[in-house]
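There are 2 protein chains.
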Amino acid sequence: MKNINIGLFGFGNVGRGLYDVLRRINSDSVHIKRVCVRHIEKQRDVVAEFTDNPDDIFNDKDINLIVEVIDDAEAAYDIVKRALKSRIPVVSGNKKMLGHHILELIDLQEQFNTPLLYDASACGSIPVIRNLEEYYDNDLLCSVKGILNGSSNFILSKIFNEHMSYDAALKLAQDLGFAESDPTLDIDGWDSLYKLIIITIHAFGVYVSPDELFTYGISTMNDSDIRFAREKDRRIKLVAHVEKFDDRLIMCVIPQLISRNKYIYSVEDEFNGVVIKGLFYDKQFMFGRGAGGHPTGSAVLSDITACGYNYRYEYKKRNDSVLPTYTMDHTFRVYFRYKSAEQRNLLHFSKVREQYSSEDYNYIVGDVTIANLKAHQEELRVKDCFVAAYPFD
Amino acid sequence: MKNINIGLFGFGNVGRGLYDVLRRINSDSVHIKRVCVRHIEKQRDVVAEFTDNPDDIFNDKDINLIVEVIDDAEAAYDIVKRALKSRIPVVSGNKKMLGHHILELIDLQEQFNTPLLYDASACGSIPVIRNLEEYYDNDLLCSVKGILNGSSNFILSKIFNEHMSYDAALKLAQDLGFAESDPTLDIDGWDSLYKLIIITIHAFGVYVSPDELFTYGISTMNDSDIRFAREKDRRIKLVAHVEKFDDRLIMCVIPQLISRNKYIYSVEDEFNGVVIKGLFYDKQFMFGRGAGGHPTGSAVLSDITACGYNYRYEYKKRNDSVLPTYTMDHTFRVYFRYKSAEQRNLLHFSKVREQYSSEDYNYIVGDVTIANLKAHQEELRVKDCFVAAYPFD
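If you read the sequences in order, they're chains A and B. Each residue of the first sequence is one higher than the one before, counting from 1 in my numbering. Each residue of the second sequence is one higher than the one before, counting from 1 in my numbering.
This is chain A alone, in the form it adopts within the complex (with noise of 0.2 Å):
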């Protein structure tokens, strides 16, 4: 392996943490040259050379690797673009960025033959991106499911087993450093979308862009609806899934109804678990640590030895001679609390399976499209309402 000068960009959580766990293995290979963060005058109390200032990075020629663990997305994107345009291989962890760019990525790591890498960017300390890069790159995979966002699990988690309320959750997961700095991204799903977008990149060779997607996070859930999952004896989780149906595919973040024999029941607290379907082999889970500045900066660390080993994506799926269509035509049993009848009239059910009223909220369980629930995502994101998947078992 080749030596590795890296010129860090962020020095949040997940910097720290790479900080950490390169000075505890003290490789002879990889050293941080550089760290780029936006206010130099911060105490610190690492030995590490700061600037505020890219061009010290970008210029300095000693530096052969950049890594970009910044939460302002578009300043990833400007970094990342940059270091490829400068054929300098880079590593990401910014999922909103690449959720949004990665088309152009692509297409710039070929101009430029120049590699980026990413997979701390999904799952933390789980090799999603690689595994279905490298194994499950031919015609058997189906499906990939999975619980993406440590802060959101946790926050349930908490409510669940421990009876927090929600805000208290939120701040627990805050101060323990699973969150991110901005708790929509987490809470309302963005997070785990774009780690699905990415995801379903190297599976299926199919690029949708974020405003495709429906996308319904946590934040509305409410005493009912956790008293409603109890009742079937099952956890309220944040799934992301992206599933072929022969030359069709279809894709979304909704909080589902697990019941207690699937594998992503047990996925507790910060963890993140991905179970990867295909013909043969049935179900594969992968299961650790999906937030937190150690395990995250442990995964960048395996994208930058990669990086020396001159490893590269190869993006093999986007070459099958026909990819599947993305569609939002597809029904879900889906749970929905509601309080108005103008509400419930948003969703077209093509089944109601039972129903409930009462002066202070009223149930549906019942069929409706996907499509359906795209059309009214910003009007099902409010306080009276909250939907969630309910699969058959």
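Do not rely on the hints blindly, as some may be mistaken.
Same chains, same names: a pair is fine if it fits in one copy or spans any two.
Within a straight-line C-alpha distance of at most 20 Å, the following computed SDA-like cross-link-like pairs (lysine to any residue) qualify [unchecked claim]: (1) Lys2 x Glu359; (2) Lys244 x Met164; (3) Lys244 x Asp167; (4) Lys351 x Asp320; (5) Lys2 x Ser209; (6) Lys283 x Arg24; (7) Lys2 x Arg312.
Everything labelled a hint here was simulated from the structure, so no lab data went into it. In this text, all values refer to a predicted model and were calculated from it rather than measured experimentally.
Since chain A is already given, all that's left is putting chain B on it; use the hints.
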């Protein structure tokens, strides 16, 4: 990916599984050109060209990949050697052969610049070798521990969960195609051991030969042992284990009393589960079907596809400047059932923690070294004795 014309050796459970998988995906680029079998006269309801002469494969210029999925380790060794020396890439599923000859086969790969892939040999459909090779290739890795044999785990599950007798469970495993044709390979831990040896080469760069390792299975387990496990709210699982402590490496295959809070407690039936533990990322758990023709056939397909992309193992860890030293000087807490005082005296307990005596049998819970267990491996393999690791929680 280039076109692949396979010369297939063996058409048992896995060979047939591969045939089914390929027929199902109807690949343009992967074909079975010819199949070499021992009993050519056997009726088979498949469309393929059969031969019983290996030369028909080695001399066929169209064949650019050998896939070897036969039972006989010595014959497999000859095929793989001949393939490498003929510079034909080769995929093997024979863990016994690999466990004995892997060092020589690594040399041959290098000498003839030809790859040998064998992910399918360890853990069926779980890509454990590929992950160790590509993702856990840095210094953070501490241990790999898992249930690597689907057949013995299937038997243990039937005994523990369905109160089936040992013999009935073994028969069922054989009928379902999970067991090796020689069941002692599964039951006495040899199959797990070979897989552990292969895993360890990739995980820590160290090769230890089968006869240097303590290997102990479940064939002498009886109702008293099952009762003991149940009383402690544990399950008996056959566990392969490699762990690094600074510059020392321990390795062994031993039944373990596993408590509920462990990931592998829930690995049931023919499934395999592997826990990879590292600094910073803590534990990763991978879970999937570890036996059966179709799951293993699909794992062989992943190796075949990887060959199509010119993938090869790099055995990076073998190049580390300092490799850990294998040692048996490590103490385990064990449960030991025995009958005679002579058997009792085989093991030297540095600490005795529990003792039980009766007319029928006796047991001790106490601390012994692996070296002590290894010294009496054969004497412990009798009906009157059973040893299982009994880890602290």
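Now the hints, each set against the structure:
Taking the closest pair of Cα atoms, Lys2 and Glu359 never come within 20 Å of each other, the shortest separation being 68 Å inside a single copy and 66 Å across copies. Taking the shortest alpha-carbon separations for Lys244 and Met164, neither the intra-copy value of 37 Å nor the inter-copy value of 39 Å comes in at or below 20 Å. Taking the shortest Cα distances, Lys244 and Asp167 never come within 20 Å of each other, neither inside one copy (37 Å) nor across copies (42 Å). Within a single copy, Lys351 and Asp320 get their C-alpha atoms no closer than 37 Å, and across copies no closer than 62 Å, so neither meets the 20 Å cut-off.
Taking identical chains as interchangeable, the C-alpha atoms of Lys2 and Ser209 are never at most 20 Å apart, the minima being 36 Å within one chain and 32 Å between chains. When the C-alpha separation of Lys283 and Arg24 is checked against a cutoff of 20 Å, the pair qualifies only between copies, where the shortest distance is 18 Å, while the shortest distance within a copy is 36 Å. In the homo-oligomer, the alpha carbons of Lys2 and Arg312 lie at most 20 Å apart both inside one protomer (15 Å) and across protomers (19 Å), since each shortest distance falls under that limit.
The structure is inconsistent with the numbered hints 1, 2, 3, 4, 5, although it conforms to all the rest.
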